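Visitor: Listed here are the chains, written in short residue letters.
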Amino acid sequence: MDREIMDREIIISAIKEVAAPYTQDKEALDQLGEHTSFITDLKINSANLVDIVLDLEEKFGIEIDNDSMSKMLDVKSTLDVIEGKLTEK
Amino acid sequence: MTKRVVITGLGVVSPNGADITQFRYALKNGVSGIQHDPQLEQLLFSCQIAGKPVIDTARISQYFTELEIRNLESTGIVYGVIAGLDAWKDAGLQPAPDETPDWESGTVFGTGTSGIDKFRGAIYKLDNLQIRKLGSSIVAQTMASGVSALLAGKLGLGNQVTTNSSACATGTESILMAYERIKSGQATIMLAGSTSDSGPYIWAGFDAMKVCTYKHNTDPEKGSRPMSATASGFVPGSGAGALVLESLESALARGAKIYAEILGGHLNSGGQRGEGTMTAPNPLAVQRCLSMAFRNAGIQASEVEVINGHLTATVKDTLEIQNWVTALGRSGKDFPYINSVKGMIGHCISAAGSIECVAAVLQLYEGFIFPNINCEDLHPAIETLIDPERIPRVCLQKDFNILVKASFGFGDVNACLVLKKYNHG
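Chains A and B are the protein sequences, given in the same order.
Reading the first sequence from the start, the letters are residues 1 to 89 in the working numbering.
Reading the second sequence from the start, the letters are residues 1 to 425 in the working numbering.
Treat the hints as calculated values from the structure; they're not laboratory data.
All values derive from a computational prediction rather than experimental measurement.
Accuracy of the hints is not assured; some may be wrong.
[Unchecked claim] Pairwise CB distance ranges (calculated):
#1 A:Ser13 to B:Thr279: 58 to 64 Å
#2 A:Ile39 to B:Glu303: 58 to 64 Å
#3 B:Gln94 to A:Ser46: 24 to 30 Å
#4 A:Ser70 to B:Tyr25: 23 to 29 Å
#5 B:Glu41 to A:Ala47: 36 to 42 Å
#6 B:Asn401 to A:Asn45: 25 to 31 Å
#7 A:Val50 to B:Ala229: 39 to 45 Å
#8 B:Gln62 to A:Val50: 38 to 44 Å
[As the list claims (entries may be wrong)] Here are the computed lysine-lysine pairs in the DSS-like style, where the Cα-Cα straight-line distance is at most 25 Å:
#9 B:Lys125 to B:Lys257
#10 B:Lys257 to A:Lys89
#11 B:Lys89 to A:Lys85
#12 B:Lys125 to A:Lys76
#13 A:Lys26 to B:Lys333
#14 B:Lys316 to B:Lys215
#15 A:Lys71 to B:Lys133
#16 A:Lys43 to B:Lys316
#17 A:Lys16 to B:Lys183
#18 B:Lys89 to B:Lys215
#19 A:Lys85 to B:Lys183
#20 A:Lys71 to A:Lys89
#21 B:Lys125 to A:Lys59
#22 B:Lys133 to A:Lys59
#23 A:Lys43 to B:Lys133
For every residue, glycine included, the Cβ atom is placed at its ideal position computed from N, Cα and C.
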């Protein structure tokens, strides 16, 4: 397993952990993958998306700007934003 | 089409009892919920005692989801939701099913200031240019209707969902507003009640006005002394009270327990005219509120057996008694029994009316009159108006039929409610 895939898996599991308290749908959470949408699949209240971003910022020690934030509707785009910010560090 | 309205559920989070069982015991036994408050002492309050409900985290987790508990800093919302859900359960009601709201049920759940600790934290973040760190829970926890909105969501209420605010009259007003909605046929069941935050940011203003006692910091339980010669100001409190109001026909159809019937009441204001000001009641308005309530309820002043007064333990207690004497046209031995919960729990501000209404309903339903504690030295001016025997100092076991409850608030606003024992069959 190369380093890149390893990192993505770590980030995905971190996203899963952060999203957990915001979803009541534990089954969808268990099946969380790159194409999972926070709102339609995990049934997370859209107001809580902002809390998820704040939790991720804290977890990775990054700051996510408004433009990036508005893209973070599913796991894939969230992953991309986090990777981008980690590379900038 | 006017409906008869009855009370079928009760819930309470009071400084001397955080559920109905504890509260009933405390009322009957004159148990004080007033304690020394180290935080008030640290902040150099003149009054360093207060009445705060005791609720542990295990209990909170029965009423709120894990997510709601995260960053939950609005004590008023905690008290209100617990009291409201307890009342709903006590009435034998369930939350609406997942897909459809209960169109026939609503809530009027009042408050003064909501989530003031949460608001304070938000202001600090904002002033430090950290607006984006506020998260999503600020609005729901600081809007006045945060408590009614949460209750509506948990119960699936589909009728009117609102929050009233009329200072210390809030709780009694919420019941009358809910009553009117059922009486006029616009709703079948209404959850009525009110709540008040705990803590220095709620109570500081009253301390600064010097309306709270500063003479009992070392003997907290003696601090709240309604109708006493040595009453020296009120003791701040907090909590929530909740009542399920329901049309009589709905209650009978469900076979629900009926605690009491609401015969009527009245709301008014002295308009801060005459002797009325922002902080002092216009006596004519108070007397008119009481008289109009009797008339609205269809009772004679002579029928009133028990009064649950506002009686805060300030210099205004004598004026309140004078107003009752005038409005009822009764004095001396002919005056009804009168008592004040504030001797045990202090003045729970916007929650006062609803907590005290819960106490009033329990007395009527179970046939007792709770004791006035800390009133062993009755104020001499009160003694010239009514016979001391009418102010019980021990709990009386007594069946009675008509109880009148009144609350008076800042802004010169008044609320009066007339309750009758419901005789089954």
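Visitor: Give a verdict on every hint.
Guide: Results for each hint:
1. A:Ser13 to B:Thr279: 58 to 64 Å: 59 Å, holds
2. A:Ile39 to B:Glu303: 58 to 64 Å: 60 Å, holds
3. B:Gln94 to A:Ser46: 24 to 30 Å: Holds - the Cβ-Cβ distance for glutamine 94 of chain B and serine 46 of chain A, about 28 Å, lies within 24 to 30 Å.
4. A:Ser70 to B:Tyr25: 23 to 29 Å: Given a distance of about 55 Å, which is not inside 23 to 29 Å, the answer is violated.
5. B:Glu41 to A:Ala47: 36 to 42 Å: Given about 39 Å between the Cβ atoms, the range holds.
6. B:Asn401 to A:Asn45: 25 to 31 Å: 49 Å, violated
7. A:Val50 to B:Ala229: 39 to 45 Å: Since the Cβ atoms of valine 50 of chain A and alanine 229 of chain B sit about 57 Å apart, the hinted range of 39 to 45 Å is violated.
8. B:Gln62 to A:Val50: 38 to 44 Å: For glutamine 62 of chain B and valine 50 of chain A the Cβ distance comes to about 28 Å; the hint is violated.
9. B:Lys125 to B:Lys257: Cα-Cα ~49 Å, so violated.
10. B:Lys257 to A:Lys89: Answer violated: lysine 257 of chain B to lysine 89 of chain A is near 65 Å, above 25 Å.
11. B:Lys89 to A:Lys85: 50 Å, violated
12. B:Lys125 to A:Lys76: It is violated: about 31 Å lies between the C-alpha atoms, which goes past 25 Å.
13. A:Lys26 to B:Lys333: Judged against 25 Å, a Cα distance of about 67 Å means the pair is violated.
14. B:Lys316 to B:Lys215: 18 Å, holds
15. A:Lys71 to B:Lys133: Holds, at roughly 18 Å.
16. A:Lys43 to B:Lys316: 55 Å, violated
17. A:Lys16 to B:Lys183: 51 Å, violated
18. B:Lys89 to B:Lys215: 41 Å, violated
19. A:Lys85 to B:Lys183: Given pair lysine 85 of chain A, lysine 183 of chain B is violated - Cα atoms ~61 Å apart, limit 25 Å.
20. A:Lys71 to A:Lys89: 20 Å, holds
21. B:Lys125 to A:Lys59: Since the Cα atoms of lysine 125 of chain B and lysine 59 of chain A sit roughly 20 Å apart, the hinted pair holds (cutoff 25 Å).
22. B:Lys133 to A:Lys59: Holds, at about 14 Å.
23. A:Lys43 to B:Lys133: Given pair lysine 43 of chain A, lysine 133 of chain B holds - Cα atoms ~23 Å apart, limit 25 Å.
In terms of the numbered hints stated before, the structure departs from hints 4, 6, 7, 8, 9, 10, 11, 12, 13, 16, 17, 18, 19, listed from lowest to highest.
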